[in-house]
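*Asks:* Residue-level listing of the chains:
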Amino acid sequence: MANEKVDAVIVGAGASGSVFAATLARAGKKVVLLETGPDWQLSDLVSSDFWGRRIKAAGAPFLLEGKNAFGYSYQSGWGVGGAALHYFANLPRLLPNDFKMKSEHGRGLDWPIAYQDLAPWYDRVAQDIGVSGDAKAEEIWRPAGKPYPMPPMKTFRHGEVWVKACESVGIRMVPAAVGMNSTEYKGRPACLYDGWCHVGCPTGALSNPLVTYLAEARKRGAEVRARSTVTRVLTNKDGTRVTGVEYFDEKKRKQVQPASVVVLAAWAGQNPRILLNSASERHPKGLGNKNGLVGKYMMCHFASGTWALFDEDMQNHMGTTGAQFMSYDRYAKTSHKGAFGSTFIVAGTALKTSDLAGFANARLDLFGPELHGFMKRAARGLTRLNAFGEELPNAENRVELASEKDELGLPLGRLVHSYDSDATAVWNANFEEGLRVAKAAGAQESWSARGAMPTIHLMGGTIMGTSAANSVVDSYGRSHELPNLYVAGPGIFASAGASNPTYTIFALSLRGAERLAAKWV
Amino acid sequence: MNRRRQFIRGAGLGALAFSVGGASVLLTAREARAQGVPYRTLKGSEAEAIEALGETLVPGARAAGIAHFIDHQVSVPPEEALLEARILNVRPPYLNFYRAALGALERASQAQHGRGFAQLSNGEQRELVSLMRQNKLEGWQGPPAGFVYFVLRSDAVDVVYGTEEGYKDLGIPYMAHIAPLKRW
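Chains as they are written, first to last, in this note's numbering: chain A, 1 to 521; chain B, 1001 to 1184.
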């Protein structure tokens, strides 16, 4: 079943797809977004850790292999809004040193652009979605830019307690840049600070796509087709241009959506899966994959959390799931002796009881009456410092197709992931420093949140670079091989940095989408 | 004006649609247990083991209806499931995981004590769970023992501490934007 041809079909209605949709619709293009999950509304975002799981991973699973199997499901999205429907809205940006790691250190990969190429887009996004923070304060680590449109968020004791303690070990904290409203902004209300961001904010105070770019896209005529699962990108006979996508609709009927441009914005794991499954006579290894790089260089972050228990009311049920304070003082790649990679530090996360990040998991060794005793103490006195570390790009970390297929006949994706010794060294160094900070903060008890090494923020798989010899797409997300095929999202990052990726996703997508609109292919 | 109130719809956390006498009735897992609502999927012995394990992990989990909660959640399509297993990369159908986990637990209990887990004394249950947590149960066959501990502990935490009632017990304001609806 073929549909009417449109200017652009966008696969995925999450952070990056929403930006492309809004930008192209604003340019007068006819846009269709195909989203595999449900069409969530703000009223579906129930304040409950149980209910919050509805907007996370569903559908065909990825097969997980490697020394550090990638636990993607906590952070993935399911439905319109994607993972950004439940993101914490921490919006740190990458720093200049992220873009030139290979040039400066002979490690990892360079980006084909510099920080200054992206900086104006960070500033634009801040105005578009509403960012609260103190841009001036961040200038101790990055070039000056425009101020954020809103002042920093309100702070609480469980965040404030870390500030002086961090300073005592040379870590300067500044107000966290967050995509939340400290004041009313563009008709959206100010935050209520009740800490349910991680299950989706229904008030509009947090900048999820439903109230920002996707809302604009819809207003400008973009059509969202939920429960539409794309399996292949189609090409012309010569294999020189893409012509649209094949997908299964909500009744599992196979359809074709012809389009002048295809934007893959599904997910860092899913985009390579679709490209690899789009193999044809002209593209036997999959679309855009003559160099064999599709699916390679999957990357993530890892967190070194430090728990600190105080014998006072830390107001830890108040605030946001994101951070109150942040620091780049360990962001230099060689910050820790004997380790390589950046660290980004945050403090002041509102705590809930259950779910993966709930404080019941702060002491996984406890059960029975001992757990209950801990819960009573932690309910008021617990807080956490988190240090996020950077994993270097490694081609062995990859997505590939498995022989097993899903219900639509699409091969399952296999995600192979292992950390190297640098990542482990950064992880350990951050734990050690975290304990020193907690001691300086005067905590009655403190301990490291050690367990299996976590895997956070999946990136890579369709990396950007200077040419088809070293990458899948250019800095705008355009395929080196097919001029009207774009890939969007964290999959195009050439390295991971240590900052939460969504701000960079928005900025790169806006840059890529405006370029596409201006130089239509 | 408290803006939060604008968003509150429905009331009461954890109401699930249970089948009672052929009719669909909205009950919390705690209420379903108290009313003896029949299990949809779990066998009686499985539910008994879940209750015993849940109570060992988190006091109050039995009365909070952990078995009815899990029974309900493994009976709905995976896309609708609200289990922590969903965000721990457990591959659906989730019933497979729970059956494999409970089977491993029962075999371990029989091997150590000659009785099923639910028939052990409280002390024996604690000892076995402690070994399970540390992956120290010899001959364990099933999903990794430490992972089973983690998932079932999470379920027990959910039903005891993840509810409005649980927050109240800990003295923490729940502060919902949108209180959970009476439809699951």
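Take the hints with a grain of salt, since some may be wrong.
To be verified - Simulated coverage check for chain A against chain B, where a stretch passes if three residues somewhere in it have a Cβ under 8 Å from a Cβ of chain B: (1) 50 to 56; (2) 59 to 73; (3) 198 to 210; (4) 375 to 387.
What the hints assert, rightly or not - Straight-line Cα separation of at most 20 Å, EDC-like style, residue types lysine to aspartate or glutamate; simulated pairs: (5) A:Lys-252 to B:Glu-1106; (6) B:Lys-1168 to A:Glu-312; (7) A:Lys-251 to B:Glu-1165; (8) A:Lys-405 to B:Glu-1106; (9) B:Lys-1168 to A:Asp-194; (10) A:Lys-376 to B:Glu-1165; (11) B:Lys-1043 to B:Glu-1127; (12) A:Lys-251 to A:Glu-407; (13) B:Lys-1168 to A:Asp-313; (14) A:Lys-251 to B:Glu-1079; (15) B:Lys-1136 to A:Asp-194; (16) A:Lys-154 to A:Asp-194; (17) A:Lys-439 to A:Asp-311; (18) A:Lys-252 to B:Asp-1169; (19) A:Lys-376 to B:Glu-1164; (20) A:Lys-376 to B:Glu-1080.
No wet-lab data here; the hints were simulated from the structure.
Quick reminder that beta carbons are idealized off the backbone N, C-alpha and C, glycines included.
*Asks:* What are the numbers of the hints that this structure violates, sorted from low to high?
*Replies:* Violated: hints 5, 7, 8, 11, 15, 18 and 20.
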